[in-house]
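Please model the entire structure based on the sequences and the hints provided.
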Amino acid sequence: MWKFIVRRVLLAIIIIVFGSLICYAVIRMLPTSYVERVARQRSTMPGSKGYQYILAQLNSYYGMDSSILVGFAKWGGNALRGQWGDSWFFELPVIQKFADVIGYSVVLGSITLFFEMVLCIPLGVLAARKQYSRTDYFITVFALACISLPTFFLATILKYIFSIKLGWFDLYGIVGRFYEQLNAFGKFGDMAVHMIMPIVTLTFINLGGLMRFTRTNMLEVLNADYIRTARAKGLPERRVISKHAFRNTLIPLITYLSYLLPNLFAGAMITETLFQIPGIGYISFQAMVGGDIPFTMFYVTFLTALTQISLMVADVMYAVVDPRVRIQ
Amino acid sequence: MLPINEANTKANNDINREAAPDPPEQSQRLDDEARVKVLSPSMLVFKRFVRNRLAVVGAIILITMFLFSFVGGVISPYSQSQTFYKNEVMWKEYANLAVNNELRYAEADGASFPASARAQFILALNGGKATFAVGGVNYTWSRRGEDLYSIYATNEIATALSLAGEYAYTIKPGADFPAELQAAFESAQALNQDAFDWNGAMYTAARAGKSLSISSAREIALATMRVFDAYEPEFERTIAAYDFRRAVEFALAEGADTLSYEGINYSIGRAGDVDIVYDLSSGTPVEFAIVSPYIVQMASPDVRLTVEFKDAILDALRAKQSLFTSRDADGAEREYQIALSMPNQYTIKRETVAQMYDTEARPSWSHWLGTDSNGMDMLTRLMYGGRISLMVGFVVVLIELFIGVIIGGVSGYFGGAIDLLLMRFIDLFNCIPQWPILIIMGSVMDTLEIDPYVRIFLLMLSLGLLGWTGIARVVRGQILTLREQDFMIAAEATGIRVSARIFRHLVPNVMPLLIVQATLSLGGVIITEATLSFLGMGLKYPLASWGTIINAATNIYTMTNFWYLWIPAGMLILITVLGFNFVGDGLRDAFDPKMKR
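Chain order of the listed sequences is A and B.
1 is the number of the first residue of the first sequence in my numbering; add one for each residue after it.
1 is the number of the first residue of the second sequence in my numbering; add one for each residue after it.
Derived from the structure by calculation, the hints contain no laboratory data.
All C-beta atoms, glycine included, are put in the ideal place defined by N, C-alpha and C.
Take these hints with a grain of salt, some might be off.
[Claimed, not checked] To spell it out: a stretch of chain B is covered by chain A in this simulated footprint if at least three of its residues, at any positions, have a beta carbon under 8 Å from a beta carbon of chain A; those stretches are:
| no. | region |
| --- | --- |
| 1 | 45 to 51 |
| 2 | 168 to 177 |
| 3 | 468 to 482 |
| 4 | 508 to 514 |
| 5 | 523 to 534 |
| 6 | 563 to 571 |
See below:
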């Protein structure tokens with residue numbers, strides 16, 4: 001077991017290194033005219049550093065003036081020591097900006113994940129138990145509709161109904177206009193209210209996938225021989241479902257959820273942007289559109305690493321949850 | 001034994017007897033030919049697909065969408081970039097009226113009074129100087145009435161030195177200075193007049209110390225604040241004539257009621273600050289010209305100002321009315337609005353029919369979904385947008401299939417080190433975050449102002465390059481199991497080429513799964529493209545996909561007020577992707593009946 005984990009971690013590290021090399025190459029492949037134009041635009045902003053300073057900083061952090069491998073080594077060394085440079089867009093060290101905003105994304109993601117689990121797992125199990133029934137049809141159509149729903153359309157419809165027609169929520173932002181005048185409890189409530197529409201959007205968008213995943217796996221288990229045995233020996237249906245079937249469905253489910261867990265840190269770029277929730281997704285969207293190379297570089301590398309960590313956690317969890325899995 | 005035989009025969013006979021009149025019974029037999037070979041595998045798949053209600057709904061949706069996008073554009077009476085106009089009645093500036101507070105000049109025939117001289121004249125007038133010189137020409141002026149001045153060009157003919165009432169003359173060479181003129185000059189001096197007439201010409205005397213300069217003066221211009229307008233177009237030539245203007249001005253200055261010009265008698269009537277000149281030649285006074293301190297300028301140069309209209313404005317002004325009516329060129333009564341726009345300046349507006357882009361029009365019979373913010377028919381735009389959305393989806397999925405089948409096929413068939421290497425390569429590709437790369441690309445293309453047609457090409461290419469890993473995995477997994485099967489050993493035994501083994505024998509067996517995967521990822525690609533376009537990082541004008549159409553909803557004003565500009569596009573995306581998912585799901589179940597059980 002430990003051997004497997006160590007091997008998996010080593011593999012993940014190798015892939016992360018190569019993945020960040022690709023990210024580095026992408027930044028290096030940007031047309032020089034683009035980099036220079038963005039740097040020049042940046043330097044004309046009030047309070048910004050000079051053009052030469054920005055280019056010098058680029059060279060010092062990314063080794064733009066040396067060959068791609070030397071530059072990558074230089075950049076990697078800096079990155080490992082936590083030196084990612086200053087964000088051009090936010091005029092702050094990249095790491096500090098990241099620390100400021102990551103909380104919003106994690107809170108948004110965690111609440112969404114909670115609602116998803118609470119909704120999807122029972123519905124998926126129900127659909128599998130009553131396969132081909134009217135309920136199953138309805139749940140399947142609902143799940144497919146959720147998968148087919150573009151995030152931006154759902155978000156815009158929600159805004160149209162709840163912000164514009166009913167006036168319950170603000171269109172944008174994480175805090176209202178009078179946030180500063182509220183007491184601590186009021187501030188919390190204000191933020192919570194602003195989180196409702198993004199959470200609903202995200203939950204609906206992600207609902208379908210998890211629901212179908214649960215249903216498929218539950219069906220697989222329900223068709224297994226040991227379920228037939230359990231029924232044959234006369235166990236009540238409830239016991240068959242909850243003890244024999246559902247527990248076995250949990251194995252792929254936990255693997256899937258453990259894959260989702262590190263991804264909480266990735267932020268929901270589209271949803272956060274649509275609702276202007278200042279989490280990592282919206283912030284990096286702004287950075288990317290504004291040509292903020294240091295922040296973009298950080299975010300892309302961060303996501304690359306996160307994907308690998310998620311896959312690794314899922315692999316390890318799969319082995320941990322299912323005692324039948326024996327890895328050499 | 002016989003009874004048994006008999007019984008057997010009897011039983012056989014029974015069967016035969018029963019079977020003959022009742023053929024359906026016969027088909028129940030397991031080895032019946034008709035029963036065994038009824039359906040080909042693809043027919044079976046088709047039957048299973050058709051039995052799935054959701055899949056059929058999905059297929060109907062997709063067929064409808066394809067017809068809508070690819071045939072709809074042909075049927076639609078409008079073209080994709082046709083703009084529509086509407087006529088709107090609005091108060092539009094028609095004329096301007098200004099109270100004249102500047103001197104205006106009328107030049108005598110054959111004389112000119114240039115702009116530089118006019119400026120000098122104003123200075124001389126304000127400074128009280130009797131003469132001024134510009135460009136080698138000496139000028140003098142005299143006041144003839146309120147805001148009325150005559151301007152003369154002077155030519156010195158002699159100087160006179162006055163000594164105790166006697167004058168000693170020095171005559172300029174070549175100038176004519178007869179004794180009668182001297183007498184006229186002296187008598188004028190005796191009366192202390194600096195200007196005098198003699199023999200129909202005018203002369204001036206300017207004093208400089210003890211010497212007097214005597215000049216012949218020629219009237220070259222009139223400076224006045226009054227504006228002349230003719231009642232009829234044919235009067236304009238007379239009114240533009242200097243002598244007529246002069247005669248009228250002088251008559252006004254003197255307070256005279258009549259004057260004559262070129263043998264015709266005119267009379268002058270006052271109305272407030274306006275004077276009207278009547279032509280008396282036909283016996284009854286005919287309104288000939290209007291003299292006022294107001295200038296009217298038409299907003300459009302090809303509309304002639306009529307005195308009647310000017311009269312109407314002045315009447316309205318005097319009556320302090322903001323609305324008045326007047327007849328226009330074709331005799332119809334029109335209503336006008338008059339409003340002070342600046343001190344001493346009024347704007348006259350009238351209701352004008354203006355042709356405008358018919359933007360954001362409500363749904364109607366001619367435009368079933370209204371028009372967009374460029375005045376184009378929404379439904380037609382959606383049809384053409386559907387073409388692009390669907391085409392982007394297909395091209396991207398084809399690219400994904402191409403790369404995915406090759407890499408997955410090679411990886412699955414060879415296995416071992418190659419498989420390991422390719423799988424790690426896929427892992428690597430998988431961890432490249434799709435959205436940041438696409439958004440950075442969009443931002444770079446925005447900054448470098450890439451042509452929209454190149455852009456759509458690059459977008460499809462990058463979507464394909466980022467999305468093939470899923471297909472490669474599916475192909476690999478399927479081929480790994482297939483290659484161990486007997487038919488592959490047989491294929492190997494016949495000694496055909498490796499590429500033929502992979503692409504002729506293995507890949508067709510992967511086809512069902514590929515079709516399912518491709519159908520499902522089509523929906524995903526359409527959503528990705530629409531999301532990118534919605535965020536402004538995807539396709540650009542003039543290309544329109546459903547995503548760029550719904551992009552209008554990023555404008556809060558549009559989103560709030562014009563639901564028909566964004567909800568239909570969103571619904572089309574939703575329904576199309578739903579159709580792809582239904583069909584993909586149905587196909588999966590149809591291809592893989594074990595899952596159904």
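Verification of the supplied hints:
1. 45 to 51: violated (count 0)
2. 168 to 177: It is violated, with 0 qualifying residues against the three required.
3. 468 to 482: violated (count 0)
4. 508 to 514: n = 0 at 8 Å, threshold three: violated.
5. 523 to 534: holds (count 5)
6. 563 to 571: holds (count 4)
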